[in-house]
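Student: Chain by chain, the residues:
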Amino acid sequence: MPPQYAPSLRSRLAPLLLFLQTGFIIIFAFYTEIERNGNADDFSKRYPEFQDVNVIVILGFGFLGTFLVRHGFSGSGFNLLVAAMATQWALILNGVESLYYRGRLRIDLKSLIVAEMCTASALISIGAVLGKTNPVHLILIGLLEVSGFILNKWLLQFLLNTRPLISIMMLHIFGSLFGLMLTGTLYRKGSEQRFEKEKFDTKMGLFSMLGTVVLWMFWPSFNSVLVDDRTPGRKLEAVCSTYLALAVSAVTAAAMSVLSNPKGKLHLIHLQSCILAGGVAVGVSMSAVRHPWEAMIIGFAAAIISSIGFQYLKIHMLLAFQCHDTCAILSSHALPGLLGWIAHLVLQIKDSDDHTVAIRFAVFHICSLLITIALSVTLGILTGTVCLNLYSSSRYSQCAVFFISFISLFEGLLIRLKFWRPPQYKNCFDDQAFWEVCSHLL
Amino acid sequence: MPPQYAPSLRSRLAPLLLFLQTGFIIIFAFYTEIERNGNADDFSKRYPEFQDVNVIVILGFGFLGTFLVRHGFSGSGFNLLVAAMATQWALILNGVESLYYRGRLRIDLKSLIVAEMCTASALISIGAVLGKTNPVHLILIGLLEVSGFILNKWLLQFLLNTRPLISIMMLHIFGSLFGLMLTGTLYRKGSEQRFEKEKFDTKMGLFSMLGTVVLWMFWPSFNSVLVDDRTPGRKLEAVCSTYLALAVSAVTAAAMSVLSNPKGKLHLIHLQSCILAGGVAVGVSMSAVRHPWEAMIIGFAAAIISSIGFQYLKIHMLLAFQCHDTCAILSSHALPGLLGWIAHLVLQIKDSDDHTVAIRFAVFHICSLLITIALSVTLGILTGTVCLNLYSSSRYSQCAVFFISFISLFEGLLIRLKFWRPPQYKNCFDDQAFWEVCSHLL
Amino acid sequence: MPPQYAPSLRSRLAPLLLFLQTGFIIIFAFYTEIERNGNADDFSKRYPEFQDVNVIVILGFGFLGTFLVRHGFSGSGFNLLVAAMATQWALILNGVESLYYRGRLRIDLKSLIVAEMCTASALISIGAVLGKTNPVHLILIGLLEVSGFILNKWLLQFLLNTRPLISIMMLHIFGSLFGLMLTGTLYRKGSEQRFEKEKFDTKMGLFSMLGTVVLWMFWPSFNSVLVDDRTPGRKLEAVCSTYLALAVSAVTAAAMSVLSNPKGKLHLIHLQSCILAGGVAVGVSMSAVRHPWEAMIIGFAAAIISSIGFQYLKIHMLLAFQCHDTCAILSSHALPGLLGWIAHLVLQIKDSDDHTVAIRFAVFHICSLLITIALSVTLGILTGTVCLNLYSSSRYSQCAVFFISFISLFEGLLIRLKFWRPPQYKNCFDDQAFWEVCSHLL
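In the order they appear, the protein sequences are chains U, B and E. Letter by letter, the first sequence follows residues 1 to 442 in full-length UniProt numbering. Letter by letter, the second sequence follows residues 1 to 442 in full-length UniProt numbering. Letter by letter, the third sequence follows residues 1 to 442 in full-length UniProt numbering.
Chain U with its partners taken away, still in its complex shape:
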């Protein structure tokens, strides 16, 4: 029996999707072209890399989010939906610069890869609110997050001259802080209690194990794809470092899971959320990692910090700050990301002979973190406030002002149409609110 008062998606999700999709098609029709001058060798080198990133974004993130007993369809389905929207949007936003200079927005495998990585940052954010928001929110949050992330990338590149490799790898920090602020702002009374359906079982645990294992296997591609292959050996370094860091992480996360569990057992979800910490941390510090052991130590530390975050900080965040974090993005992305940032700083300073250069680097590096944190926190709170106001249908004007000043065109419209309504408390983490479940086919 479907839950009462399930919010009908028909009047909101469908028009939103069709409207946005038509808009994207129009933009693509007038402003994009495919880069035709690439050579075939380049294509055959890059295409497997593109597929690996695609697998990470669609299969990896999608199945990672299926661990809740009654939330598997939403976990994988909404992930695909948000990814399909956000990638198109990221392609457009990333090409604005080339649109300005060359009149056309060029699409090639590189731009697809970068767009998918921007999408990854949105998917991380969404991990924090998964199961507590309706898909209309998820789509809009995804698009806003991608816009914010690309804004951040521009700021870093123009203000601080940061290389794309470094600014894009900030996606873990940006995405997770954005998500945490969002879920913190969207807090509703009662969520410090246990949700009835926020649990996992054997089968769903294995589906999310599939996602985790896919991420674990293809993470070396995710970290190495943007590394310049003109310097011989740099890509290999990135792949080997990431692989070793992931192996160390997996081992350390298992040890930490056993140590921190009251019964001395392994906890699958704990393992899944900490096993990738090493890959995340090494990704953020990639440009400074030169030796495998550096990557391994980073992986070791990342798994420990991530485990502590999962076991103690997650519940603390909930009780102290009412910040309920469904997929534990604090421990799986924010903490390892910050650790990677610190590792980058330390390694770079250690390796540079010249004090002036080192200090200059440190200043730029710290600024880039501050900008990322400031932007992600601000935008996360903003997006959350907007959602919250739309929930309670009040303070319209205030939020509209905030919002319109950010990305105004379609948002203003949406607000007025009252597209927003949250799922009931008891329907959280339940596919039944949005999906036909277990029905006959005809």
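Since the hints were derived computationally from the structure, they do not count as laboratory data. Treat the numbers as computed from the prediction; the structure is a model and nothing was measured. Worth double-checking, as some hints may not be accurate.
Unchecked claim - Heads up, simulated BS3-like pairs for lysine-lysine below, C-alpha to C-alpha not over 25 angstroms straight-line:
id, chain 1, residue 1, chain 2, residue 2
1, U, Lys263, U, Lys197
2, U, Lys45, B, Lys110
3, E, Lys263, B, Lys197
4, E, Lys263, E, Lys197
5, E, Lys110, E, Lys45
6, E, Lys314, E, Lys263
7, B, Lys263, U, Lys197
8, B, Lys110, B, Lys45
9, U, Lys199, E, Lys197
10, B, Lys45, U, Lys45
11, E, Lys45, B, Lys110
12, E, Lys197, E, Lys314
13, E, Lys197, U, Lys263
14, U, Lys110, B, Lys45
15, B, Lys263, B, Lys197
16, U, Lys263, U, Lys199
17, U, Lys45, E, Lys45
18, U, Lys45, E, Lys110
19, E, Lys45, B, Lys45
20, B, Lys199, U, Lys197
21, E, Lys110, B, Lys45
Please arrange chains B and E on chain U, whose structure you already have, making use of the hints.
Tutor: Only chains B and E this time, still in chain U's reference frame:
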């Protein structure tokens, strides 16, 4: 408890498989050789493409068919079995020409890829009868479909001079029409009623989501693998167009699913069968698609048509024509395929400056569709009639004549041995008829 | 409710993992470096191959082991854990030679691939004892097996001048004999009875089908990855041969499964364990296989032998030798491996014109098998005896002597700390002993 009267497979499936397999080995022993003169660069370019197609055929199609609650083993297991047989058969048939001219049937990665694509068309056909036929049928249907498809490919290439890219991409239209005619002919009283076990649940939905997502991710490879890489940028164009069409399809299919569902909810199986429509349509029209927005519009239209097909035509086909279509291949392959064919026509005419050329193209293009439809419909009905006659054990002579004139050698034998018997009505869509389910291991 | 007396992992698994991991990091810090002089082309050729092997080891073997109803977390989780440890250890051991000559242990994609293949042999061994041992054992067994396998590889290479391709492909024979001896030695009263939880169901069958299908798809990469690509066409030969052998195997295994089942039904686990037999056999005989039909006949014979092994030998081994083989590694790796070895011998002798050369080859070939069998059996029994003695906490000195003479440093320590304890009989094949199952998240 196993169902009563479960058709024993021992006396039929095993001899058929061993007989055919021995035959294939003998043919391979006398007539094939591996192409040894290819260079290593070519190999390393093509091998990832081959793997992607392999993943689509085995993992993608296999798990796509696991959505029915009690039919997962059959969905994935019989798919693998049919694929393993059909690919060997397609390798042989595709090589007949080179056998004639050079005395040897050459095997290389290209021929494996083409064979797997022919297999894909058989797997599409089988989707229509899945759960209602026994594996002996499935194997034979698979081999006949592949023979028919390759015959169609030859006719198009010799009569109309169609390029392989276009004639092979007809696989969607050929496979689905063949399957629909087959299931229509095989109609049995009662199938317009609801089958007891034709339903999905949370876990099975996720298994088939896995298959869908795998198809969605690797579809750009499926569409681009036959594109000539000597013209720079053509492969990239194919990949980007397919990717964008798939993204648009996914979004549009979600919108349509919500719009057409009475409760305004998403329907996972609807989504799964419409999400790939864009990729199918762009595949069929690949040689004429030059701009991403064309692909996106094709993807948009394909998802809409496919959704309408799934929601309204599928039940209509069942009630009006008694044509029960298990995997909804009408909406997921036939309609998008036809749309792609129309798009190809329109785009090609729009792009050509010369009227004579345009008309010439149109005539050839229409002829190629007519041949494909005629052949697939005829062969589908023929195969269905044969099966039906074998079911009711009557009109032997008539069907034997039909059949023997088509592919006579082993068929004539089979017919006489009465290898055929359909599963009971109540055992449809039930693994128990053919598989050991949930048993102890020893 | 958790089972009583579940062995707590906290005091044993965590320190072991942290201790070993720290040790590995220290070794990597002092003795390894990344090979920086490779060119970019080489990297982009080799990287997809590396990923395929990675997918086989992590996703393939991991999900293959998830077929038992209540043992899915252990099947996939412990596989990942052992793989992460064993690959690091194999990287170190494989590099000892280059460490000796060049003072540094070079890491590149090739060394990662070889290390993963050594890991694969450990994962095969573990298949025999899965569900009956605790993870502390599994880790140590994995490391010991890898050490033994690499020792075997050295012996073959130095004593008999065997090429790496052949000595590494012995992994199937070595791994499975090691595992069988291990499980035979670890025999406990009662295991000839049926274990309560040693059964599969629909959902778990599909998870392990996923693993099987992944192995089936990527096995051509596994067999061809070490083939030298300087001779044009050799890699292509390896890929095509393996692919055809796998296709034949799949068909034959299905026929045999139907034939040997008392009800004439297909048995999914039977299918899964015999479907890869052709790939295994062709892998072992790879250097002598020149024509596709040879590979197909090997695949045919391998599937038949493997099926007979699964159906009759597995239960015979249990009743006659008290050797309980969880994942049926006897039939899926040992028998096809031996068949491949014989096929190699026969083909090579058939192809050689010179008698002297043929006899010389035969002697070397037989010696290499004898060494492999002798070493794997001895080490398997040794490892098993050690475990057994540790179980019963007796005969310490004797086993310590055995052990310390083999790989003494940390083992001696471990033994004294009494880290070992087996799971209760009734807890075999139950995730609950080691994992948090189905719990709420917070």
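Student: Could you tell me which of the numbered hints above are not met by this structure, giving the numbers in increasing order?
Tutor: none
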